[in-house]
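Residue numbers (the working numbering), protein chains in the order written: chain F, 1 to 457; chain X, 1 to 457; chain D, 1 to 457; chain E, 1 to 457.
These are calculated hints, taken from the structure and not from any lab test.
Be aware that one or more of the hints could be misleading.
If chains are identical, the list can't say which one is meant, so a pair holds when it fits in one copy or spans any two.
[What the hints assert, rightly or not] Capping the alpha-carbon separation at 30 Å, the derived lysine-lysine pairs in DSSO-like fashion look like this:
#1 Lys287 - Lys183
#2 Lys337 - Lys267
#3 Lys267 - Lys76
#4 Lys60 - Lys79
#5 Lys121 - Lys149
#6 Lys267 - Lys148
#7 Lys58 - Lys69
#8 Lys148 - Lys121
#9 Lys240 - Lys116
#10 Lys274 - Lys73
#11 Lys337 - Lys226
#12 Lys274 - Lys116
#13 Lys337 - Lys69
#14 Lys58 - Lys412
#15 Lys58 - Lys183
#16 Lys337 - Lys121
#17 Lys108 - Lys148
#18 Lys182 - Lys108
#19 Lys148 - Lys240
#20 Lys58 - Lys274
#21 Lys183 - Lys240
#22 Lys267 - Lys287
#23 Lys274 - Lys108
#24 Lys148 - Lys226
#25 Lys183 - Lys108
#26 Lys182 - Lys343
#27 Lys149 - Lys183
#28 Lys79 - Lys240
#29 Lys274 - Lys148
Number of protein chains: 4
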Amino acid sequence: EQAGLFSSQYGTQYGSTDRICSTHDHQTNSNHNKQNCPTPTADHWVRADQEEEAIRRKLKYFFMSPCDKYHAKGRKPYKLILQLLKIVIVTVQLAFFGISNQVAVTFKEENTMTFKHLFLKDYDQSSDDSLAVYTQQDVYDHMFYTVKKYLTLPEITVGRYAYVYDIGVNGSALSLCQQYYKKGQIDPANDTFNIDPHIVTDCIGVNPLSVPNTQLTSSYKNFTLKFHKLINVTIQFQLKAINIQTIINNEIPDCYTFHITIVMDNKAHSGKVKIWLENQATIRECKDPSVSGHAESYTRVTFDVAVSLVCLLSLLLCGRSLLRGIMLQQEFVQYFKETLDRKVCWADRLEFINGWFILLIISDIFTITGSIIKIGIESKTMSSYDICAILLGTSTLLVWVGVIRYLTFFQKYNILIITLRAALPNVIRFCCCVAVIYLGFCFCGWIVLGPYHVKVK
Amino acid sequence: EQAGLFSSQYGTQYGSTDRICSTHDHQTNSNHNKQNCPTPTADHWVRADQEEEAIRRKLKYFFMSPCDKYHAKGRKPYKLILQLLKIVIVTVQLAFFGISNQVAVTFKEENTMTFKHLFLKDYDQSSDDSLAVYTQQDVYDHMFYTVKKYLTLPEITVGRYAYVYDIGVNGSALSLCQQYYKKGQIDPANDTFNIDPHIVTDCIGVNPLSVPNTQLTSSYKNFTLKFHKLINVTIQFQLKAINIQTIINNEIPDCYTFHITIVMDNKAHSGKVKIWLENQATIRECKDPSVSGHAESYTRVTFDVAVSLVCLLSLLLCGRSLLRGIMLQQEFVQYFKETLDRKVCWADRLEFINGWFILLIISDIFTITGSIIKIGIESKTMSSYDICAILLGTSTLLVWVGVIRYLTFFQKYNILIITLRAALPNVIRFCCCVAVIYLGFCFCGWIVLGPYHVKVK
Amino acid sequence: EQAGLFSSQYGTQYGSTDRICSTHDHQTNSNHNKQNCPTPTADHWVRADQEEEAIRRKLKYFFMSPCDKYHAKGRKPYKLILQLLKIVIVTVQLAFFGISNQVAVTFKEENTMTFKHLFLKDYDQSSDDSLAVYTQQDVYDHMFYTVKKYLTLPEITVGRYAYVYDIGVNGSALSLCQQYYKKGQIDPANDTFNIDPHIVTDCIGVNPLSVPNTQLTSSYKNFTLKFHKLINVTIQFQLKAINIQTIINNEIPDCYTFHITIVMDNKAHSGKVKIWLENQATIRECKDPSVSGHAESYTRVTFDVAVSLVCLLSLLLCGRSLLRGIMLQQEFVQYFKETLDRKVCWADRLEFINGWFILLIISDIFTITGSIIKIGIESKTMSSYDICAILLGTSTLLVWVGVIRYLTFFQKYNILIITLRAALPNVIRFCCCVAVIYLGFCFCGWIVLGPYHVKVK
Amino acid sequence: EQAGLFSSQYGTQYGSTDRICSTHDHQTNSNHNKQNCPTPTADHWVRADQEEEAIRRKLKYFFMSPCDKYHAKGRKPYKLILQLLKIVIVTVQLAFFGISNQVAVTFKEENTMTFKHLFLKDYDQSSDDSLAVYTQQDVYDHMFYTVKKYLTLPEITVGRYAYVYDIGVNGSALSLCQQYYKKGQIDPANDTFNIDPHIVTDCIGVNPLSVPNTQLTSSYKNFTLKFHKLINVTIQFQLKAINIQTIINNEIPDCYTFHITIVMDNKAHSGKVKIWLENQATIRECKDPSVSGHAESYTRVTFDVAVSLVCLLSLLLCGRSLLRGIMLQQEFVQYFKETLDRKVCWADRLEFINGWFILLIISDIFTITGSIIKIGIESKTMSSYDICAILLGTSTLLVWVGVIRYLTFFQKYNILIITLRAALPNVIRFCCCVAVIYLGFCFCGWIVLGPYHVKVK
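Use the sequences and the hints to build the structure in full.
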């Protein structure tokens, strides 16, 4: 008689798990049978007065799936249709953003590759991370090669780079520095050493030929390295460039500043000096963008606004449903307290809050925020591609995971999903046991085998 | 009593699924128990008059397997033997075509490889797709290297290539072009730019030394690139060759024209100019083929004709069986309507149309079409290797999949196949659930991680 | 009463499958219940006279496992111990041979590598199979490089090689040949050709400087290639060497003759000339072997003889057991015929022939033959390493597989092995179904995708 | 009644396996039902006198889990908390040691890499193990290159290396040796040879320029190799260095001596001379370590001492528990002997010895020993990194595996673990069968296929 009073939203017909506390003797409802909910006497249920009938009907309707609601009362499943629409437009928006983002990231990556080929001597792409030199002469050669290439950059490069002045030592454009220990008398022959581990940094500045202060241009050739106590040599400078490839996608170009650092690392003092180039790019809006014959495209912005509005509507509807659930819960608790003089346990109270709605609300908030940032990026008043990518990506992930909910409306899928959910705890438990042994082996293997083998590192 | 009136062709003895609508209370017949077929009263079946007996015998015979037919009436399973023969000859034909096709494709691939080694400077096979230059001088060097190699081709090449004249700019043989933006003032130093994104193409023609119009031969050295607004440099020309390797297989050689395009791509304006070579081959019949001492081999053509005839026979026999099924269905529906005054539902009507026959008919049509094209290719009046490959390949795939049908005639295999078919829907359903989550992760991963990692791209 | 009269040797206690024809109503005995064995009336079995009792005891004893025989009659399991001993010594012998064989094969492989580095220009080990040239000059360069290196071999090589004279054209040591079509007028410009596909071979001989006939030494520089109809260029010569590394293992060195062929292949006429080196080695006994201070080691030969004797003993014992089985079968058949007037079906007759004994006999024959060859190799009167390797390897494989038999003597293992054997037919059946579809896809994929992708080839 | 007298520690509630010998008719207790324990008559158990009640309570308490003990008697689970603490601190200690160890191993690896780049001609990192030469001139070139680089080492190297004098031939610093057969007349042309396999070693010493005995410096150029009987050429010398990188981790630098051996191996006499460099490092404490401004860090040593103390405490507690178990066992055996006049079988006696405690004791001993060595390493009086790594690594592995024990205190995990343990024997048995067949194939494959394929070697 009581079974079927109201059904959980997870399995309307098949996995129906009745949650009135008095029915806790059901063995299938294994998650909650450890909670000590009070068990009422059976005669409370015999009088089925008006009020009970009313709340029973309310509950029944509340836990129906959209399809059942349509069959029962003829209410069109507007929210369901809205969600299906959202899946499509959110994915389309993500795809558009993905293409824009790809252009920006590729520009940075390709410039890094160009700098490596231009500024590093004997650079070979296939063994990228193993560039190293072993003799003093080679260290000087690589160092001077880089500076020389920097000075002649405008003549040799295919791209269009501009120097950034007054950022280095003594207002120069390029800083050539060496770091060494304050004192570093090492005498392996006698097994003695006398070291002061404080680090001293010694820099000179170099300016391009175009700058009148010419004494800074050629002085770098006299830069002498203190090999016996050297820690590293760094060459730092900045270059500016404009990513005009975006014109093809009808977007206005961005301005980039590349912070380039070339490091010759002798920290290990093992006779091997590793060399690598780091490139950090910052994106800014260009001043005075002038693209002839370019009709500003409002289409994308319009689409983004549309997405935001759909998500806002979805947010409001889901919020309303969530609120209704909470209100119904209050009413239900009130009824139980007044009529039956019993408390409703927390597990049953949580049943009224639909987890899917919370997921949808989070997804909606992410999409709206992401869309606003995207509009900013497109109108070139913002350039935070990364945050926008994370927001839109996560939101799309959530929306797609939400599709699982719609599959539970089909009987066959519902059985499958309930089965999988029931099997999950045991699988996780087994993984825990394996993980513990695995962790032990990892720690042991890292120490005992690790340093002798490249792959374990 | 009614069970066994006629059996589905899928499982004569073991998976026999009786499909008379009145027997829809069988639980095993799960696919159709949702359809509302009318249920007749049982007494209709009691009078087993002449007509019913006749149609019952017809149905029984129709749904028998070839082996059962042989045992029942002694009818030799000609069609079965024909299909087994077809599997063999279709596979042999495919193997023959595969060898011919391989020769044609290999010739094209090896020529492409040759062109890359001849026309691209510093080409290295192991890093094929990463050829790129980073300095202005290198761009000029690579460009002039290609043109110079083209002009001296007959002296250096091991193969035998002929220039194709009058296809380039100003009736020249080779077109050397650059594309650039109409206006492209980029000033990264001040973060300003003034671009007109309309693309201007600027070409010069180059002619080999053998052509009298010599001014076109050396003028290419004056070709100046506008690096600051350059989009790409393309070198286009055509070469002709003859694939005489086919003589070894007793086939007449084909004539090839190679459309070679070398692209130096600066679209990204990232300081890196990617270089690649594209080679498109068109195959034509040579004029005036003269191979001394070559007796034209009719064997292959004869074999192809034989295959076509076998397939035509199979097509006719399968078509006849299909037609008989439809006619028997009409008769059956008529009988039900007149005698029992009931309609036969669609699920039962479809039982009369054997899916395997449709598969065989499609396969036969593909083989016949493919064989005709193959005869055309062998007699050098056609050269569409690709279409022929798809037709013959698909047809062989279908014929081999059809072998599954013959396995169902064995009792043990039939059980296995029916079991697998029953398990399929649940497996697909599970895959759907996984796919939805996977899709969500893909979209999210592509945007959030994609651009930073080469492998995800 | 009859169950347990005698048990199959496969499952003494657990999988006991009673095989007297009269007990064919047992459902577990599924393999043979289709055979039409005559079923006697039950009363035949009631009179258990003397004769029946005797044959029953004989059968019971025959089908016992060695352990049971020991428990029943106290007969020591000599044969079992012999087999366990055989596993050890056969494996040891194989290991000894493996080490010798490795030395011989390595010597050949390393010499091939040396020849590639010495005779091939620009040879790079990492891209071994892709050495190719694309210009006429390169073909001449590679050809002359090889001949020049051959002529100066004694001065440059680290190894000790001797020329082999009078094996080439005109009694020379090295043959330099080109093969071309008799007629090969190819005119791609006009799409015409005139080919006579008969192949003409044109050779010159080259002799090392040490040979007085000096005109053969330098004439090779005038060798002109007919590129427009060239099929291939081959350089063939022989070198002799002695593998003295075997002295370390106390073995007498072998003499090797290397047949070296360098091929420049233009068969495809695609502008790419592939170059490769083939090296075929023949092993002979050296004349006059003289190793000072080398005491001939008889240990190995002694061991090989011991192995042969053990295997011979095993062969005799297994043969005797097999013979006894056949004799007992005759007796049993005779008894059935005379007493019961019934025939014994073939399935039951085969039960008397123990498959494991056949396996052991084959293994023994292989080991004895292999040991004889091995003794021949060690005393340097034979050099057929390959045959010996196959014989000893296969024999060891069989002996190890035979270990499975001893595992069935343990109760727990017997259950496992019987279970696996029962599951095998269904697994094979499933694999058949998959294989058919897989084959279809393979044929289709090879033709449709194959030529365009390197990996499918 | 008797069931539940005392429970195994492995499954307090769920997998309770009663082990009194008289209850061996339980089918679940499958491990021991083959042992012939005496079965007492049932009436012995009827009289439940005082003594029995006492020992029963003792046993019950002994086999309780820590949680149950807490619930039963309120005893705080100090030992459990101590073990959980141990897991954390042992892992932290291992991580600290891992970082130190990594620095030491990396220093050695990078120096080896440096030596290979400095002393080996044409060394290429990507094809590390295939460096080989094929001509006599190349052997001399590589040999002289190495010696020349050694002599000029201080001028060229980036690191700081010191020569080690008086360790080579004639008190020199570098030994250049060749090994050859005493007699080695090989004549492949006539297939004859005359070899005396005794090995002769011929060495010269080379001294750096700084040493006054200059005649040893340049004489190496006259070193002539006897190629026809050469076995190998070795160059041996030692270099000293100091690993000052450890200053960054606030550790005092170690002194290293590198024993470098360069081998040119002609053992195979196959025309290919393989070249490789071996580097063996020995770590010693430096004399007179002087690091200005370096406050000796006592933190690590303090932590190591703390770890040792915790493990000592754990060792004592576990030892006490183990002892108590043995004492209770004695008492129990005594009781059985006196009261019931029965012996307790070994399987039941072993129940009293908790395997987990033994595991913990071993782990504790390892950690304490390892910690002492670690303190020695940190105070630079020891340098045996390897032993310390093995001790600490193994100990951490054992501690982590011990976590499994704590999981059995949770009901759900206990079921899982008992299930897995029950399935293990059958899995191992199956693996045995597969292993036997696999071994056979391995032996066969090694001999028959092995030498022809690189991967099988």
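field: Hints that the structure is at odds with (numbers, increasing)
entry: 2, 3, 10, 11, 15, 16, 20, 26, 28
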